[in-house]
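Asks: Protein chains in written order, with the UniProt record's numbering: chain L, 1 to 364; chain U, 1 to 364.
There's no promise every hint is true.
[Claimed, not checked] In the DSSO-like style, the derived pairs of lysine-lysine whose C-alpha atoms are separated by at most 30 Å in a straight line are:
{"no.": "1", "chain 1": "L", "residue 1": "334", "chain 2": "L", "residue 2": "4"}
{"no.": "2", "chain 1": "L", "residue 1": "71", "chain 2": "L", "residue 2": "267"}
{"no.": "3", "chain 1": "U", "residue 1": "40", "chain 2": "U", "residue 2": "267"}
{"no.": "4", "chain 1": "U", "residue 1": "71", "chain 2": "U", "residue 2": "40"}
{"no.": "5", "chain 1": "L", "residue 1": "334", "chain 2": "U", "residue 2": "71"}
{"no.": "6", "chain 1": "L", "residue 1": "71", "chain 2": "U", "residue 2": "334"}
[As the list claims (entries may be wrong)] Interface residues of chain U toward chain L, partial, derived using beta-carbon atoms under 8 Å:
{"no.": "7", "residue": "53"}
{"no.": "8", "residue": "56"}
{"no.": "9", "residue": "138"}
{"no.": "10", "residue": "142"}
{"no.": "11", "residue": "164"}
{"no.": "12", "residue": "168"}
{"no.": "13", "residue": "175"}
{"no.": "14", "residue": "299"}
{"no.": "15", "residue": "339"}
Keep in mind the hints are simulated off the structure, nothing from the lab. Here a beta-carbon is modelled for each residue, glycine too, at the ideal position from N, C-alpha and C.
Number of protein chains: 2
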Amino acid sequence: MSTKQDEELAQERLIDLAAEFYDQFESGDIPTMEIPTRTKTNIVFDEDSEVWVYGDRTSTRSANSVRGARKLLKAAYTIEFLVDQLEEDRSSTLRELYYLSESWDNEEAQFSGQDESNQLVEDLEIVSQVTREDFHMRPEESGATLMGPLELREQTRRGERAIHCQMDVGEGGYQIPNNPDTIDFLDHEIDFVLCVETGGMRDRLIENGFDDMYDCLIVHLKGQPARATRRITKRLHDELTVPVVVFTDGDPWSYRIYGSVAYGSIKSAHLSEYLATPEARFIGIQPTDIVEYELPTDPLADSDINALESELEDPRFQSDYWTEQIELQLDIEKKAEQQSLASRGLDFVTETYLPERLDDMGVL
Amino acid sequence: MSTKQDEELAQERLIDLAAEFYDQFESGDIPTMEIPTRTKTNIVFDEDSEVWVYGDRTSTRSANSVRGARKLLKAAYTIEFLVDQLEEDRSSTLRELYYLSESWDNEEAQFSGQDESNQLVEDLEIVSQVTREDFHMRPEESGATLMGPLELREQTRRGERAIHCQMDVGEGGYQIPNNPDTIDFLDHEIDFVLCVETGGMRDRLIENGFDDMYDCLIVHLKGQPARATRRITKRLHDELTVPVVVFTDGDPWSYRIYGSVAYGSIKSAHLSEYLATPEARFIGIQPTDIVEYELPTDPLADSDINALESELEDPRFQSDYWTEQIELQLDIEKKAEQQSLASRGLDFVTETYLPERLDDMGVL
């Protein structure tokens, strides 16, 4: 991965944007910036790439009102900040950008709230078609951890680090950096990637040596996964050509976690091709498992039922498999956590459940 | 740290507990278990050790009612499970214990909810005077990360790992394992430990090379710190004899984060001597900083005001320093995040703010 190149592209695209404003001024036009409309109604599920993308509708930010002019002024200041940041090989968080604007010499350019600066950076991502990471904007919280037979090289500010994700790390595993595109995969013996929702289950798999026994890389999702976690999952799939399976609880929120790994989320639809792994398959607790294994359950709450019903309408879940599972769950009115497999003993998940599911899927 | 010894002690204490029930039965007494009353009114601030501890009041669990007998039955089953787990050198999470009880042969011994099993394990911690970690009960979510000039050795299930927390890790740092007592400190050049509340600020300090420039170990707290994070902070302080400072936002919730690192929390008062670092000092955003540096602020919400008022009554905050700061904050009605220091430039925190505060405190 040549991030240097991506960064130069980011810089170039940002300067192009500013140059466009300049040209518009020079030719006597009112400066404008056109971006895809970012509302729910303008998100479509792209059948070919199987991810969420923006539709055809666009909105125009124009300097023909004071409010619009102020927005473009803020964009210009932010572009200057980002270009300088890239020039100096530095980085910052969205929150720092918001606070930093207080030091700008033009009060009109200062952000009035963090929502405004966050949205502007997303707009710039979309218009410039490079990612926030390439602007060197860091998230507030970092990605999760990896454990398995993978050797990688991370390009850090302090030099390169070669790390084997079993031999060179403690039981906590390798901490994914904010921008996983600073990583090169050097060598591996991975047969598949297993993304795991909860820390308790991740630790169970490590303790039972599942990564070692089945040559898999265990990616801890930590609930709804951070961008860095989704990005590295996609890169592992594409670059190492290995299957990805997603192991979650058996409830509608966990199906959404799977959905965001596999198909992207509405909030980051402009990044689906960068973050989503449509080939990822679901190996989480299925409503049929609840019935078959008589797992300990909790009753569905009203919010669970609503979420399941909206998933029945969600293009990401329009398959016979999902329709059947979701309808069964609405019928039995129960949900189960992945750790409920412990009701059949602490080794059931690694000795029986996962091997059987993986075998059924043709992964083993 | 000899964890083997701690585990043997844990096993011994658990068996003693079960033996006590046995003896009570044999001598014709109704079995009972006595534990400190775990309500807010029985928590006292111990002036000598400067941490929260339980007071003198105790409650008795007795088998003289069906309900009481069932509680002791569950305790006996849990003790057997924990002793076996230690015997086999395995571990599990609180959630797994709850689910696992479904496989026990006596239905009366099965837990009716996770609250019940969680509370029983805490009771056993208190009565046996060993920690959950020594029972090999893992938390659901793991600790945070370390970065700085420290070389450590972690005893993992797969052998020993020697790791330098700058040279052998990526930018994400070293991931603290669930039980940090598996770590030995080998070598270090640490002058002080800097615990940081937010990921954004942690990354700022790493990017600016603060750990390198000032020979400090940066501990990411990730909000309210996990037990593992508090435990390793205490061990670093005690074993390396280095000062600990805690860098947080400037609001009542962040003062509580500092309070839990320094003085322990009400929920884990029985563990204060194991987890709390009373010598830890506050280097977070102070209300006087908000005034002095004209930091960007948010207005106090009603819940903030209530929390500040209750801190004025909290024995942990009974010093002139805290009284002055909290009263000032109630007066100005404002709070500020640690990242708001970016309003004075991205390097202000590492070049000016922290060095000045550390110098004032006599740490530098």
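Asks: Give a verdict on every hint.
Replies: Status of each hint after checking the structure:
1. L:334 / L:4: The given pair, whose Cα atoms are some 50 Å apart, is violated under the 30 Å limit.
2. L:71 / L:267: holds (21 Å)
3. U:40 / U:267: holds (9 Å)
4. U:71 / U:40: Judged against 30 Å, a Cα distance of about 22 Å means the pair holds.
5. L:334 / U:71: At roughly 28 Å apart (the allowed maximum being 30 Å), residue 71 (chain U) and residue 334 (chain L) satisfy the hint.
6. L:71 / U:334: Holds, at about 28 Å.
7. 53: violated (29 Å)
8. 56: violated (36 Å)
9. 138: Status holds, d = 5 Å.
10. 142: Where the cut-off is 8 Å and the nearest Cβ of chain L is about 6 Å from residue 142 (chain U), the hint holds.
11. 164: violated (11 Å)
12. 168: Hint holds; residue 168 (chain U) Cβ to chain L Cβ min 6 Å, cut 8 Å.
13. 175: The hint holds - residue 175 (chain U) has a Cβ within 8 Å of chain L, the shortest such distance being about 3 Å.
14. 299: violated (13 Å)
15. 339: Residue 339 (chain U) check passes; min Cβ-Cβ to chain L is 5 Å, inside 8 Å.
In this structure, the earlier hints numbered 1, 7, 8, 11, 14 are contradicted, and the remaining ones agree with it.
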